[in-house]
Amino acid sequence: MAEVSLHKLVKRYDDVLAVRGIDLHIQDQEFVVLVGPSGCGKSTTLRMVAGLEDVSDGDIRIGGDVVNDVPPKERDIAMVFQNYALYPHMTVAENMSFGLRLKRFPKDEIKRRVDEAARILNIAELLDRKPRQLSGGQRQRVAMGRAIVRDPQVFLFDEPLSNLDAKLRVQMRTEIKRVHQLVPVTTVYVTHDQVEAMTLADRVVVMNGGRIEQVGPPDELYHAPATRFVAAFIGSPSMNVLPCRLEAEGDDLIVRLAGGLSLPAPPDRKARYGPWVGKDLLFGLRPEHLTDPGARRNGGPSAEITATPDLVESMGMETMIFFTLDGHEMAARLDPTVRPKTGEALTLVADLSRMHLMDAESERVL
Amino acid sequence: MVAAAETSAAAAGRGRAYSSMSRDRRWALRWSYVFLTLFAVIFLMPPVYMLITSLKSSAEISTAANPWWVFDPTLANYADLLSQQQFLIFFRNSILVSVLVVSITMLISVPAAFALARMKFWGSTALATGVFLTYLVPETLLFIPLFKIFAELQMFSGISLINNWWTLVIIYPTLTVPFCTWIMIGYFASIPKELDEAALIDGATWIQTLTKVFIPVALPGLIAAGIFAFTVSWAQFLYPMVFTTSADQLVLPVGIVTTLIKGDVFNWGQIMTGALLTAMPPLVLYAFLMDYYIAGLTSGATKG
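Protein chains in written order, with the working numbering: chain L, 8 to 373; chain S, 7 to 310.
Simulated from the structure, these hints should not be mistaken for laboratory data. It is possible that some hints are incorrect.
With a cut-off of at most 20 Å between alpha-carbon atoms, the simulated EDC-like pairs for lysine to aspartate or glutamate come out as follows [claimed, not checked]:
1) K286/L - E166/L
2) K126/S - D76/L
3) K199/S - E60/L
4) K286/L - D259/L
5) K80/L - E203/S
6) K80/L - D254/S
7) K199/S - D61/L
8) K126/S - D22/L
9) K199/S - E166/L
10) K218/S - D135/L
11) K126/S - E336/L
12) K348/L - E336/L
13) K126/S - D21/L
14) K110/L - E203/S
15) K218/S - D366/L
Over the 10 Å line for every Cβ pair with chain L, so calculated as not near, a few chain S residues [to be verified]:
16) K218
17) P222
18) A241
Not the full set, but computed from the structure, chain S residues with beta-carbon under 10 Å of chain L [said to hold, decoys possible]:
19) A205
20) A210
21) Q214
22) M286
Even glycine gets a Cβ: it sits at the ideal position worked out from N, Cα and C.
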């Protein structure tokens, strides 16, 4: 078990900067998920921690030691790959014990560890099979088993569930969480799926363009995003974002949208927003905070918005509507009992105690 | 080929009632059978002729009767040839040369291909292309300078490099190594990158990754390359013709031609028998390893 820390980590491919000097400290036994769109540098970062990519600049420490020039096998890490990377000519047991056999562990110790991992992962009856005889989910379990038997300091997962179908992905997600509870090893997990990130992580690291946008527990990322990117990336559908201007009206602050609609800002944020009066900003509100008038609210400031849905999606547990406001695509999440019709105007209520304001230029949340 | 034809036949049968595509397919299938039959006849004619002639006595061959029929079949040619000590020596030399060449080729080309396919080092791509280019230089261009070099070396070192069967073991790899390396590069490149990364993380060295992961996974490719090396060295004619002269140093292809043609007397019956027996080992090898050979040649070409 060990802490992992990245210090001003840079990865350069010829002229391209894939990772632009990131700092991150991962606690012992912590489950950290790196999430971001394709090409954001998350996999490159993980591969640098694994030792599969050279570090262009900065330091990686595992358990306090700088490992920049330490080969992968001496880093005491285990990695699970997206395509499982099982050795096709070996049985499940041989796959899992390969690393231990290379290190010349005693036979009975190898057997004990393989049996233990197989028990944890429910693959005891598959030990004599070859990878081609396994389903995708079973292969993924074996790949995890191969990591577990090594009893490493750090687990690295590189988009391990991307090759699985939707149902199995949910199942394996739970499985990974359960395994981490049983075997609490420091884990770095890379995914582009924000749901995976939110459900698995102790802390989520949102990356974009080779930089870290925000690090925090899933809840914090969702409710207090630091930037417009995080606000839009976390949550599905994305947060509604509209250009606005902050104005003072007597003692109160109001947010005036481009179309002229004015919304009262929460009084408790007066001090925070005060310096931004008269500036061009972005107004953000999640679809679930733009609801039907019948929905329960927490009593904060609210405003009514008239919407004409372009599209209605009935999901059973909720109804999503999509409409246009001031030329911007908007989404609202309604109670399933409300049955809006496409093209028919209805009144929505915006829960402004949950609104966000962002600087239009830096796109940082105020 | 047969499997492909069967599949399309089945598809044609199924599709007959349903789509206009099926008519095109049916015609395509008919044409493919026409050409397959044509090619089979053309390519099988020489071996069949060899078989027929090998079963004839010299007297029957010289009577110029129907060359495609045996009126008085005899195994005398086989008995004569197989009882000749010389023929057995040729056979032994051929086996020794081929087996050694295959071993040397594998020992060189497998690590070379692994290095060129996986251990990205400066100039590896250019080197890989270079390896292939050497294969394109024809042996007809090389045998005179090679002979000269070997003769000079012999003079210089005192080691008798000319007229020794084992000289062929040194020469043939110049033909087999480039091509086998090229086949293996393609094959290794088709193995997912994650597999060696997993091995690397599991604690394997490059050599262990090669021996414990790549070689077992790429076995069909290895066998394809091995069969190729065997066939090339078994059938090689020009180099042994040039480098070996004594009867006890000859390999089969040259041995048959030089000992069974005496002056202007062609002992056709024995020549054909010898040729047929010479063709046997590669034939047997192909028959047993055909599936591996095809899998090796095709799967290296595409990813996945």
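Would you settle whether the hint for A205/S is holds or violated, based on the nearest Cβ-Cβ distance to chain L being less than 10 Å? Holds - the Cβ of A205/S comes within 10 Å of chain L, reaching about 8 Å at its closest.
Given the hint that K126/S pairs with E336/L, test it: the Cα-Cα distance must not exceed 20 Å. 48 Å, violated
Has the given pair, K80/L with D254/S, been kept, meaning a C-alpha gap of at most 20 Å? Judged against 20 Å, a Cα distance of about 54 Å means the pair is violated.
Is A241/S truly not at the interface, in the sense that its beta carbon sits beyond 10 Å from all beta carbons of chain L? 32 Å, holds
Mind checking the alpha carbons of K199/S and D61/L for me, to see if they're no more than 20 Å apart? Distance ~16 Å between K199/S and D61/L Cα, so the pair holds.
What's the verdict on K218/S and D366/L, does the C-alpha distance respect the 20 Å limit or exceed it? Roughly 57 Å between the alpha carbons, so the hint for K218/S and D366/L is violated.
Is the straight-line distance between the alpha-carbon of K80/L and that of E203/S 20 Å or less? Given that 20 Å is the threshold and the Cα spacing comes to 10 Å, the pair holds.
Is the Cβ of K218/S farther than 10 Å from every Cβ of chain L? 8 Å, violated
Restraint check for K110/L with E203/S, where alpha carbons must lie at most 20 Å apart: Satisfied, since the Cα-Cα distance of roughly 17 Å is no more than 20 Å.
Restraint status (C-alpha distance of K199/S to E166/L at most 20 Å): Status holds; Cα separation ~15 Å.
Between K126/S and D22/L, does the CA-CA distance stay at or below 20 Å? 19 Å, holds
Do the alpha carbons of K348/L and E336/L lie within 20 Å of each other, as the hint requires? With Cα atoms ~17 Å apart, K348/L and E336/L stay inside 20 Å; holds.
This entry does not satisfy hints 1, 6, 11, 15, 16, 17 and 22, going by the numbered hints stated previously.
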